[in-house]
Amino acid sequence: MPAKVRVYELAKQLDVTNKEIIGLCESLGIDAKSHSSSLVEAQADRVRKKAVSDGIAPKKAKENSKSTNASDKDGSNSKEGKSASVAKPVSSKKPPPSKTKPPTPETQGEVAKPPVVSSKKASTKPDPDLATAVQEQEKKPKEKPLKEKTGQVNPKSPPISPSGKPIPPPPAPRSKSGRPIPPPPGRGGRGPTPEAPRGGPSMQRRSASPSGTSRSDGPAYKGPRGTRPTGGPVADFLPKPGQGGKPSSGKPNSARPGGPNQRPQRKKKGRRRRRQEELQPMDTPAYTPEDAPVPEGEIVIERASSSIDVAPKLNRKTADIVRFLMEQGEMVTATQSLTDDMIELFAAEVGAEVRLADPGEEQEIELQKKLEKIEIDAHDHPVSERPPVITVMGHVDHGKTKLLDQIRKANIVAGEAGGITQHIGAYQVDLDGNVLTFIDTPGHAAFTAMRARGAEATDIVVLVVAADDGVMPQTIEAINHAKAAEVPIVVAVNKIDLESADPQRVLGELAEHELVPEAWGGDTIVIEISALENEGIGDLLENLNLIAEVEDLKASSEGRASGVVLESHLDIGRGPVATVLVQHGTLSVGDPIVAGPSWGRVRALVSDTGKQVKNAGPSRPVQVLGMSDVAIAGDEFVVAPDERTARDVADTREHYQRVATIGRDSSAGSGGGRLEDLFSQISTGEQATLNLILKADVNGSLEAVRESIKKLERDEVKVSFVHAGVGAITENDIQLAATSNSTVLGFNVRPDRKAREMADHEQVEIRNYEIIYKLLEDIESAMVGMLVPEYEEIVTGEAEVREIYRVPRIGAIAGCYVLDGKITRGSKVRFLREGAIIWKGEIASLRRFKDDVPEVAAGYECGIGLSDFQDLKNGDIIETYDEKQIEVS
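Using the numbering used here, the letters of the sequence shown correspond one by one to residues 696 to 1584.
Be aware that a few hints might be false.
Okay, derived cross-link-like pairs now, BS3-like style, lysine-lysine, Cα gap no bigger than 27 Å in a straight line [claimed, not checked]:
{"id": "1", "residue 1": "Lys-1579", "residue 2": "Lys-1535"}
{"id": "2", "residue 1": "Lys-1406", "residue 2": "Lys-1449"}
{"id": "3", "residue 1": "Lys-1309", "residue 2": "Lys-1405"}
{"id": "4", "residue 1": "Lys-699", "residue 2": "Lys-744"}
{"id": "5", "residue 1": "Lys-1178", "residue 2": "Lys-1469"}
{"id": "6", "residue 1": "Lys-1449", "residue 2": "Lys-1413"}
{"id": "7", "residue 1": "Lys-1517", "residue 2": "Lys-1178"}
{"id": "8", "residue 1": "Lys-1097", "residue 2": "Lys-1012"}
{"id": "9", "residue 1": "Lys-1535", "residue 2": "Lys-1517"}
{"id": "10", "residue 1": "Lys-1449", "residue 2": "Lys-1405"}
{"id": "11", "residue 1": "Lys-1249", "residue 2": "Lys-1309"}
{"id": "12", "residue 1": "Lys-1517", "residue 2": "Lys-1568"}
{"id": "13", "residue 1": "Lys-1469", "residue 2": "Lys-1523"}
{"id": "14", "residue 1": "Lys-1449", "residue 2": "Lys-1523"}
{"id": "15", "residue 1": "Lys-1517", "residue 2": "Lys-1579"}
{"id": "16", "residue 1": "Lys-1523", "residue 2": "Lys-1545"}
Computed Cβ-Cβ distance ranges for the label pairs, DEER-style [as the list claims (entries may be wrong)]:
{"id": "17", "residue 1": "Glu-1338", "residue 2": "Glu-1402", "range": "44 to 54 Å"}
{"id": "18", "residue 1": "Asp-1192", "residue 2": "Asp-1125", "range": "50 to 60 Å"}
{"id": "19", "residue 1": "Tyr-1555", "residue 2": "Glu-1487", "range": "53 to 63 Å"}
{"id": "20", "residue 1": "Glu-1402", "residue 2": "Arg-1445", "range": "17 to 27 Å"}
{"id": "21", "residue 1": "Leu-1431", "residue 2": "Asp-1563", "range": "41 to 51 Å"}
{"id": "22", "residue 1": "Arg-1445", "residue 2": "Gln-1307", "range": "44 to 54 Å"}
These are computed hints drawn from the structure, not numbers from a lab.
Treat the numbers as computed from the prediction; the structure is a model and nothing was measured.
Virtual Cβ for every residue (Gly too), placed ideally from N, Cα, C.
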């Protein structure tokens, strides 16, 4: 097998860098990619010739290679000996003495060299062309050598005796060599290093020849099998100092030598430590060109998607998104979920139109098919009349609750049968055989959620407006919700019994919002009532019944039931309780039911009167017991084909909701916990995050409070809900708050004794509220307090330094003339020199003549002492100013 040499070994021989050798190989068409690539002898010779012809190999390296020829042919068996010329090997069967090569003047070898005995015949002859080319190259001056080393003694040349002849080195096992210490392995010329330990003949490895043995007084090297190396001046195949006899191995010999004429013990395996210069640079990620096109039209991207998911949809690479977000100060990884703001920000950067969809929105279609939910068709199931569903809305304190109480009292007076219990959120009123269903939606949040989810639960809206206040902001919001639902609106002008009531002004304001009364030629029914005096309630109910007849509301009572969740809460004795309104079909006890991520089998149905019933038809509100979790107000419920399907659908929805929560509240846990402590976080310039754990008594209140708090967010302060649920504040909530550094808010719920004790121990803040406006006011006040205060600078005075006085133990005092305003003692000051600020501080002392004064007005002279500043010069300007905080609105 032909001998091979690695790139870094060839670089050592030629005293050049690995990079230069690789460059020569590329120019010669030789495949060499790294420092450890192997070259056959023929390729190595071509590289050597190229290095010499191009002047890359320094002359010093050639002289070193020649000088080692003389020392190695003296019969030395030491490790320092190197040779550039090796005699022809002979057969291992008949080893006749080979002819020795006559010494040349370059080797300075005047002493005869002993013959070198080999164990096999020569396979090739030495190349005379290389030697001739080298001799011609030595005669020519080198052009711009890369490494020019002058004034240095060749460390590889043997010592010279006074007679001018080289002194042969003594045998290595018995004494030290007289040669200078060779350079360390690698690039030469870096200074001497400590001499490697010598272990005698046993330190050298056996030759590659099968019959080669190590002798202290014999030839120093036995050539390997294969092609005989050429004797060029830059050839170097002998072992390096401190290494064994194997020429192509760049590994150091073992530090545990064996006995005489034995192979050294094998070195233990370990991790090879790579040198810094051998490390290859990492490939930089490729980025998409800025002018790359983006898909046209609206692109649907799921919330909480990672950069890997978003990049292909926008025709970009993952590295593009990561780099862009890092430039914006967001440290994200390729697999990290992105928030809505991050996705929209990058989409705007590349000019794409995106629509964010909740995770599982596309899968919801498959779930609906799995539930076999099909809209009720009149041709498939017979339909019949159903009671109208009426929602009462209005501004706060306009008498909405009082009106509902009067309707309940009127119904109770009419008869106990069909009495109303308002605590379930929905109830029915029987008026001369006509049943009306009323829905008590606490606030607009639940109603808006139902509209957003497409739950057509309302047939008629009763808008309550106070005659003394008129149309208010929440009244306008209710009008917009009713118009979006495309349902008829009946206006009830309340509080007409007050002296300040002005019903005509209310009618004018309603007309401005496209609600023109019938008395003015419009189509909006307006009824004047007094809920306190029970006036006009009968007329209102009659008009509602009349509208229901005109609308001709019908539904089928056959088939599996479906409807909407109006309210839900956690009952201590009964578990999760959901108040639902059946819209189609009939809901019966024992049906498997699915409502969003909640599911269960109906264990009991409770009517609005508090009695248990076996089934419920269209437009009838009932309480459902047996759900696995508290359902979300506004979610649609449907009876599943079987219990297994209901569980699978609910679990799938829960998974996608959890993924959406990760993207929406990804900043949870990084903000402040106590409302009072968050100011220190944002005062440092960071974006503050208010982490909250919200607990409420019913799901409708929970959703209303959560959405209201979300609307209070600012650019500097973000709100993150770590957890939101229905029920009392428990120890688990306190433990989660302590872990996530959150504040616990309770709306109409209280913590138990153990939760309070744990909160005191963990120093978790708990705030309890019963009025939503008080809760929102505290949150908004905390956010305003968390904002970075903005200050406005007001210049109060300006003085010029005209004299400088040196006072012992005090320092320099500036004799000034007040140019403008007034100088006040203790005020903040800027010291200006040629218009540049060179110091900021405060006035330590202020005097006029010998008296301390609190202030000096313009046109007067004074002495000013500055704290910690003594570099005063005539002509400097002292400017005083005050900082006034700008109130945040």
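_Hint by hint, where does the structure go against what was stated? Just the numbers, ascending._
2, 3, 5, 6, 7, 8, 10, 13, 14, 17, 18, 19, 22
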